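Student: Chain C is already provided as a structure; the job is to place chain D on it using the hints.
Read off the chains here:
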Amino acid sequence: MTSLARIFLGLVLVFLYLPIVVMAAMGFNASPLYALPFDFSTHWYEELAGNGRLIEAGWNSIWLAVLTAVIATALGTLAALALWRRTFRGRAILRILLLPPIAIPWLITGTAMLVFFFWTGIGRGLHAMLIGHVALAIPYVVLVVGTGLQTLRADLEEAAMSLGSTPIHAFFRVTLPLLMPSIVGAALFAFAVSLDQFVISYFLSVPGMTTLPVEIYSAIRKGFTPEINAISTILLVASMIVILGFARFARPGGIGERS
Amino acid sequence: MSGVDVTGVAKSYGATRVLTDITQSFESGTFTSLLGPSGSGKTTLLRIVAGFVAPDEGSVRIAGADVTGVPVYARNIGMVFQSYALFPHMSVAANVGFGLGRRGIRGKAARAQVEEALEMVRLPGFGARHPKQLSGGQQQRVALARAIVIRPDVLLLDEPLSALDRRLRQEMQVELLRIQRESGLTTIFVTHDQEEALTLSDKVAILDRGRIVQMGRPAEVYERPRTKFAAEFLGDANFLTGIVRAGRVEIAGAAIATEDRLPPDGATVTLAVRPEKIAIRPADAAGSGALENSLPATVASVIYTGTALTYMLRSGDLSLKVFAQNSDGSPLAEGSAVVLSWAARHSVSVEG
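Taken in order, these protein sequences are the chains called C and D.
The numbering used here applies: residue 213 is where the first sequence begins, and numbers increase by one.
The numbering used here applies: residue 4 is where the second sequence begins, and numbers increase by one.
By construction, these hints were calculated from the structure, which means they are not laboratory data.
Keep in mind the model is a prediction, meaning the values are calculated, not measured.
The calculated label-pair distances, taken between Cβ atoms and stated as ranges, are: (1) C:Thr-363 to D:Ser-28: 37 to 45 Å; (2) C:Ala-459 to D:Arg-181: 42 to 50 Å; (3) D:Arg-109 to C:Arg-301: 40 to 48 Å.
Glycine is no exception: its CB is placed at the ideal position from the N, C-alpha and C atoms.
Looking at chain C on its own, in the form it has when it is part of the complex:
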């Protein structure tokens, strides 16, 4: 690699990570006004431990993201199997219809959900947020798993059946293990979509029962303390551990690469 490329790559990494590092560092600064010089303190973490609202919102976010990942991955994987492994009327149209929800602005989706949930009696709250997040995440799951399925030859299942596997046995012994990296990747995507979600959560939350992004937003409006930095840092570290763990497990591009 040329030194110019090295410098460029370095700049990109600085651009990506410097704000985050500053944010994390400020969580350990004693000044409530983000004032320098830097004075190391765990004061804001102690404050955070006593801030029930913020912690509860944090747990809500995590539970919502986990449940979204589980439900959206299950439903999305089944949909991908139908869309790429079965032939039926309207399959092509259904495949195309999966894409627009990804591009529709969340503000519009959120408004639509709010109206629809109100109208159907689902209302607002964590349950409504879960439904909303799952609906948002499913297209991503279908796309990721569908792409994985396309790289998986259909005759592998046929080979298993020719050797005596029932279709169900062939699926669990051959297709599912080979599809696992895609499914785990899709679950991670769904988890991230939910954890990240602000607009729809904001529309569907009820006061006192909300997610971290919404709570942070209202906290900022009332006045900012480095407690926000502290909880953001905790979430950041947690999600980085998850992502790096996945990268180790799946090896990008890794269908069938384990050997």
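Tutor: What follows is chain D alone, placed relative to chain C:
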């Protein structure tokens, strides 16, 4: 005892008729090739025998039992796919042992049978490797071992050699034949490669637009094709069309003799003559009287390939092709007048 019996099988996809009334026996222990161009229905027929495709009409019997309504996994077949279809997440041993596991054979007994199968395909000790670490030819052998280790009632091969390069393909042809002979499995082999079909098979079945137009020993089908399609698809042929007169066929002013039964005088028939069955000599050279048919012609062009020569000739309106050995090293010149001659038994009467 019959290996596989297909009776009255028909299959359509929508308005497209893929197979029409196929009735054919594949004898126990024989190697049969299904030979035909793409779209002739050969793969569909194989997949019907395997159980991946249900026929619209007709029945399939394997080893005496009617399996028409039996799903693939309950049929006890062995199949080798065009792409090998090895399970990439399993070792070679796990791939080969997969079918044994489904039959309740596990542990030591399974390991012994797996090793035996790997020895049969000349890959002893390869069990611990992964398919990714093997060459195309080795993967092919593993696929074969996986299909034969379960002692299937029929071995189905779907163009298994088409993905290999020429040299490897010839090597695998020899191997395939040896393995089939050693295992004694009734084998059905789909191919569009005529040379492969002739080399490997006990029987060749030629498919054309969803029908088996002819089935027989390779030499029989090659020497006595019944239809124009069969003559042309398996090998090369000159077609001479003329009118029957007094037990001979009038073509380009000559009366051509054949040993086949001819329709009554006045009927139009087509004779197929293989290009290598025709002797060619200059018009002024002394003839050999032994051959019944002779036809004057002019050399239109010569294709020189070293060991052999291909002459393209004209006789009146007729275009002919003749294969000759390059025995004296001096091909006949273009434009020279020649006489073509061949034996009556090499004029084969074929259906349009």
